[in-house]
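Visitor: The residues making up each chain are set out below.
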Amino acid sequence: MSSNGFFVRTINLKKYYEIKSKLLRKTIGVVKAVDGVSLEIRKGETLGIVGESGSGKTTLGMVLGKLIQPTDGKYLFNGMDITMEMPSSLKGKIRVVFQDPYSSLNPRLKIKDSLIEPLLALGYEEEEAINKAVEYLELVGLKKEHLNFYPHMLSGGQKQRVLIARALVTDPLLVILDEPTSMLDVSTQAQVLMLLKRIKMEKEITYVFITHNLAVARYISDTIAVMFAGQIVEMGNKKELFENPLHPYTKSLISAYPPPDPTVKWTPAIPDELTVKYFDDKCRYIDRCPLKTPKCEKGIPELIDVNDKHKVRCALYT
Amino acid sequence: MIPLEIRNLNVDFRTLRGWVRVVDNVNLKINSDDEILGLVGESGCGKSTLGLAVSGLLPPNSRVTGEVLVKGQDVVQNPDSRKIAVIFQDALAALNPVLTIGEQIAEIYVYHKNMQKKDALEKTKKVLVEVGLPDNTIDKYPHQLSGGQRQRVLIAMALAMEPDLIIADEPTTALDVTVQAKVLQTLMSVVKSRKIPMIYITHDLALASQVADRIAVMYAGQIIEIADKYELFENPRHPYTKALLNSVPRVDRDIEELFIIEGEPPVPGNFPTGCRFHPRCPFAMDKCKQIEPGLVIFNKAMVRCFLYE
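Which chain is which? The protein sequence lines are A and B, in order.
Sequential numbering of the first sequence, starting at 1, is according to the working numbering.
Sequential numbering of the second sequence, starting at 1001, is according to the working numbering.
A couple of the hints might just be wrong.
[Stated by the list, open to error] Which stretches of chain B does chain A cover? Using the computed rule of at least three CB atoms under 8 Å from a CB of chain A, they are:
1. 1093-1104
2. 1168-1178
3. 1241-1247
[What the hints assert, rightly or not] Here are the simulated lysine-lysine pairs, BS3-like style, with alpha carbons at most 30 Å apart:
4. B:1242 - A:239
5. B:1242 - A:238
6. B:1140 - A:22
7. B:1242 - A:143
8. A:26 - A:277
9. A:265 - B:1300
10. B:1289 - A:143
[Stated by the list, open to error] Estimated spans, in silico, between C-beta atoms of each pair:
11. B:1116 - A:31: 42 to 48 Å
12. B:1015 - A:135: 53 to 59 Å
13. B:1017 - A:148: 20 to 26 Å
14. B:1269 - A:24: 53 to 59 Å
15. B:1272 - A:135: 28 to 34 Å
16. A:152 - B:1093: 23 to 29 Å
17. B:1141 - A:171: 47 to 53 Å
It should be emphasised that the hints constitute simulated quantities derived from the structure, not laboratory data.
For each residue, glycine too, the CB sits at the ideal point set by N, CA and C.
Could you put the whole structure together from the sequences, leaning on the hints where they help?
Guide: Here it is as structure tokens:
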């Protein structure tokens, strides 16, 4: 299967977790954390993945970041199939930044050691690695002096900058950012978002930006994928997606955001039932959907193209 | 009678480096029983500490000076007269895991209202229904409920007390946005219909613009601007308020550039001299570095900034 000219492409990617009984360790169920995700990302583009907790967005990020193996499906990167194994030429080319800057740095290591560790693992000499660490520390707006700091001496925003520097220091082509600003204050969040945008332009990196915050996704992304119950339910160019949302879930998600303007009345359209069920024989959103029809009972709808910039998984549009 | 008046309130904490001031000379008012006052600021600005000081829940290593008048009664001097309910962010920590929801709420009626257990359970069912939960919730344990349901239980507990004031400290921050929207709609409608004044503490100005009637913005332990919400959004005066409004991405429109406030908010014990915002302020003048500005009063607003003197 070819990558069709896309830089990152996944085909029907799945990650299932088995639930074992406590007593006999028998499999009593399966959690379909990621269930058939097919997506494409162009080089230098930012794909935003949004969804509520439990939608599978973080698991998808871990699969894309090569931190866990998918159960099924294909993962093509720059034309190579990396589903099962990473060729050694790609070491350090896919990196991940996590949400919690407080637990992602080893408290006993100086910033210098945290930064050069990935480079030493790639076979760099220590001196060369330190030079690179300084270069990236300055790129993220910190100073050479910070090399000798311990994590507790930095603020949350500074720690997140160090984590971004650590991810970038190996010159990656793809960076997975999993809620990188959700633990930061708004003023610090703005600084980090602007920084990420600037670095992307300078370094031509491709981002996958995972967030529960639609406003942040709208700011940082070119394309946005909305996940629900392990599946992409809508994906499109951000302008299309926000100005013409199609899936009832996307619409309700957008309505849940209060307009930052007291003169605009906030009218969230949220269904009463907010559970998530992983149906295999009908639309997974059926319990919440205000627009459901008998058609929705007939299997999970396919993710179909509405136009060349917009896809939706909903029986209303088939 | 004015439901809440805070006069010259200071809160200090005893630390290894001596007393550190966290809330500094706060004056606030809630003017009517159906008013919601939004208290907005970033972490460390003192908004939660202010809420705890009003509700009397500060730890022993703290010192409160000034007056907090709830319906005219000073609750700093007479803590026993305090009838203030607090709704916290983390419902799982606020609820007792080994008691049913019914037992925990009925307890309030038994102890505060001297009711018989049976009547208390009847009242409990009613208040649960009022916050949008089924009445069989009384037999559930906290772990059997979802995050949104647990937060509704906290709202019910606050109502059960029939308080003179509710303080809601980031009540929906841990919830998904869809759940947050529904819980907040419930909270707003019950406090308005019961006419209970509320302080709504949040870091999110957009939420404050929808939930609150007036908004106070805190920075480094001080109120730096307080205004009617329409006035605050239409005509923000303090450079920090303006920056906050423009540094947040929006869901309703594309923004190319976010406004950046350089640096980080200061931490208590290390507040700058003069205006506390001056090191980050693009309009800082010489006097901002030395002299602390007072509150300048406008028709529907007050602002702590030399630009308006």
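Visitor: Hint numbers the structure violates, sorted upward?
Guide: 1 and 12
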